[in-house]
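Take the sequences, apply the hints, and build the full model.
These protein sequences, in sequence, are chains L and X. If you use the numbering used here, the first sequence corresponds to residues 29 to 384, in order. If you use the numbering used here, the second sequence corresponds to residues 29 to 384, in order.
FYI, nobody ran anything at the bench for these hints, they're computed from the structure. If you're wondering where the values come from, they're calculated on a predicted model, not measured in any experiment. Some clues are possibly wrong.
Simulated coverage check for chain L against chain X, where a stretch passes if three residues somewhere in it have a Cβ under 8 Å from a Cβ of chain X [stated by the list, open to error]:
no., segment
1, 90 to 104
2, 308 to 315
Some chain L residues close to chain X (C-beta under 7 Å, calculated; not the full set) [unchecked claim]:
no., residue
3, Asn77
4, Gly283
5, Arg286
All residues carry an ideal CB built from backbone N, CA and C; glycine is no exception.
There are 2 protein chains.
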Amino acid sequence: MAVTIYDVARHAGVSPRTVSNVVNDYPFVAAETRRRVRDSIDSLGYRPNLVARNLRRGRTGMIALAVPELAVPYFSELSGAIMDEVAPRSYTVIIEQTDGDPARERALLEDRDRSHVFDGLIFSPLGLGASELGAIPGATPVVLLGERVNEGPFDHVSIDNVAAARSAVEHLASLGCRRIAAIGDQPYETGETAQVRTQGYHEALEAAGLSPDPALVVPTSNFHRSAGAEAMERLLELAEPPDAVFCYNDLLAAGAIRVLLDRGRRVPEDVAVVGFDDAEEGRYSTPTLSTVAPDKHVIAAMAVAQLFRRLDGDIGDPVDLRAPFALEIRESTIGRLQAIAALDGKAGAGRKGRRV
Amino acid sequence: MAVTIYDVARHAGVSPRTVSNVVNDYPFVAAETRRRVRDSIDSLGYRPNLVARNLRRGRTGMIALAVPELAVPYFSELSGAIMDEVAPRSYTVIIEQTDGDPARERALLEDRDRSHVFDGLIFSPLGLGASELGAIPGATPVVLLGERVNEGPFDHVSIDNVAAARSAVEHLASLGCRRIAAIGDQPYETGETAQVRTQGYHEALEAAGLSPDPALVVPTSNFHRSAGAEAMERLLELAEPPDAVFCYNDLLAAGAIRVLLDRGRRVPEDVAVVGFDDAEEGRYSTPTLSTVAPDKHVIAAMAVAQLFRRLDGDIGDPVDLRAPFALEIRESTIGRLQAIAALDGKAGAGRKGRRV
DNA sequence: ATCGATCTCTGCACCGATGCAAACTAGCCG
DNA sequence: CGGCTAGTTTGCATCGGTGCAGAGATCGAT
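Shown next, in the form of structure tokens:
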């Protein structure tokens with residue numbers, strides 16, 4: 029059996045309550061007593077039973093992080109960043125994979141108060157739409173990641189997706205591209221993040237004096253590489269195929285580039301490509317991938333800080349936090365030689381991106 | 029306050045104990061009573077407090093998964109597979125990132141019995157060597173992933189890394205490559221996995237009648253893309269640079285390929301490259317990446333099954349389980365045209381890989 | 001009618017910690 | 001020296017379930 033607070037108390041010749049006081053750094057413990065208890069703790073190898081502590085305290089010391097899929101680089105990189113933020117606060121992270129399944133997402137939100145497994149939730153919804161999310165109240169704090177869910181009861185962290193998409197498409201237009209396609213729209217209720225990117229895309233087209241062509245906006249059912257490949261195949265079948273593609277994440281872009289190269293198109297000379305998320309793989313791919321880079325560390329820090337603010341009792345109105353992003357310009361839009369020049373020169377355009 | 033078993037008992041007009049019996053499907057409960065309790069549970073929205081249950085039962089219903097880094101595709105893909113295996117057993121997974129830090133790895137193992145946060149641990153060690161691991165006993169079951177730690181007290185799941193490495197290098201030799209390099213050796217105590225791959229590499233060289241050249245074996249301090257790039261730079265500076273490279277994971281390969289293409293070498297015509305892990309990104313990269321594909325789903329299933337066997341009380345000797353792997357042959361070794369031919373033809377070599 | 005077996009339900013203690021408030025000591029002031 | 005404050009330690013109840021064992025009820029067999 030494990031060592032309990034009673035074993036330590038007996039060993040140190042004090043009451044269990046005093047051991048608890050020492051463990052919790054209660055100030056009014058005589059130095060000598062504290063020392064004796066500490067010695068006993070060390071020699072017996074006592075560690076508090078967190079389950080018991082949590083039962084009594086009503087907190088579990090764990091926060092849940094729910095993401096659609098860990099195998100998507102954006103989410104694994106973000107998860108790592110969130111865990112790094114949480115660790116110093118001596119909380120533990122439980123990661124749940126929802127696969128974007130609305131039932132699992134709803135279950136997570138509905139059970140969060142009642143099963144007492146975690147104190148707070150950082151949630152990147154995929155299958156649940158704004159109206160459904162808004163209808164699930166509860167006492168356990170939730171911070172949503174991703175595009176804003178209007179009027180919801182939850183705190184919320186995101187980047188300005190409209191501006192981010194716009195900056196990507198403006199960049200393509202500035203290179204002289206005239207037929208700029210978009211891959212990854214999700215024109216149904218839960219595709220909010222995709223839809224605002226489409227909005228930014230349209231705004232940038234308009235600003236550049238380009239007329240939108242509905243055939244150039246290809247929806248996808250998910251954000252995987254295979255979907256990007258399929259969408260690109262479709263675009264290449266058009267009578268007037270695009271000379272640039274804005275993909276709503278880097279995996280779609282990887283799939284699209286693969287198809288382009290397979291079909292003998294050069295990237296970026298024939299078709300320029302921009303992705304979204306700044307997955308590490310895009311820094312080493314051939315060509316390297318120009319991409320919109322949400323600042324994942326800031327997103328993680330904001331989400332965690334806000335969640336802990338709630339855990340500490342803040343009951344203000346839901347807040348809406350915006351993290352910065354940058355446009356990382358690499359070979360898939362400006363070509364290898366210019367990319368090298370941009371890296372060598374101190375010009376901020378390439379390596380450091382444009383802070384927004 | 030949350031709904032407790034007492035609230036349900038009062039509402040249904042039975043004792044708390046009976047509610048517990050209903051919740052736990054104790055067979056000797058009258059159908060009528062059961063119905064009434066169920067109704068009360070539903071109408072009050074009762075969910076058992078898992079913290080309290082776990083305190084009493086002495087189990088937490090959680091297993092921990094400790095990996096070096098989630099951002100490495102192999103680990104995020106494996107984590108996803110493990111979570112999928114665990115979910116149907118109504119356990120929850122806590123993921124810990126160790127960053128390969130020996131102190132954190134040791135803390136995890138040493139605290140596993142005492143803090144009572146998880147019932148079992150699936151652990152992919154990186155910073156701890158065989159001797160250190162072997163010296164940490166404890167009651168909480170542990171399943172190790174990765175190369176075998178000799179004589180340790182823990183169960184263990186891996187693929188046959190020697191054979192896997194050998195198959196990769198044999199493949200390169202069969203293509204006519206004569207100077208085959210290896211990137212990713214870790215010639216110090218905790219680099220066991222890397223070392224057995226080096227062993228397989230040497231065995232394959234010998235079998236092919238090639239004499240080993242120490243300069244062709246480049247150690248790296250980690251398995252990231254940047255390390256692969258640096259190692260490749262080093263190899264290209266040799267008087268006789270390699271005509272093939274076996275990389276110990278796909279990230280190293282991605283970095284190596286990037287450098288090769290940057291330096292004007294063609295892959296595979298000038299230098300053929302094989303990776304390890306079968307990360308999804310290698311199926312879409314340019315060129316697509318030939319790689320050793322450990323069967324992650326089998327690894328996950330074996331590890332989880334073995335862990336639950338221990339949780340169910342099995343106290344037999346530590347077991348050593350071997351999962352299958354396959355060699356996936358793609359463009360980075362046989363070129364695009366042949367890869368297409370292999371995919372089109374029913375020949376198993378390309379698409380399906382070679383089961384071992 | 002008696003007995004044992006089976007079914008159904010319940011009370012009590014307990015898992016291991018902490019909140020609360022009381023008890024006790026010592027020191028200090030007037 | 002009484003009274004008060006500050007410091008130190010402690011007992012008791014409690015968080016919300018479940019293990020254990022026993023009390024009743026029911027029923028068929030003898």
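Against the structure, the hints come out as follows:
Coverage of the segment 90 to 104 of chain L by chain X holds [criterion: at least 3 residues with CB-CB distance below 8 Å; count 6]. Check on the segment 308 to 315 of chain L: 6 of its residues sit with their Cβ under 8 Å from a Cβ of chain X, so the three-residue criterion for coverage holds. Restraint check, asparagine 77 (chain L) versus chain X: the minimum CB separation of about 5 Å is within 7 Å; hint holds. Using the Cβ-Cβ criterion of 7 Å, the hint placing glycine 283 (chain L) at the interface with chain X is satisfied: the shortest such distance is roughly 6 Å.
Among the interface hints, the one on arginine 286 (chain L) holds; its C-beta lies about 5 Å from the nearest C-beta in chain X, closer than the 7 Å criterion.
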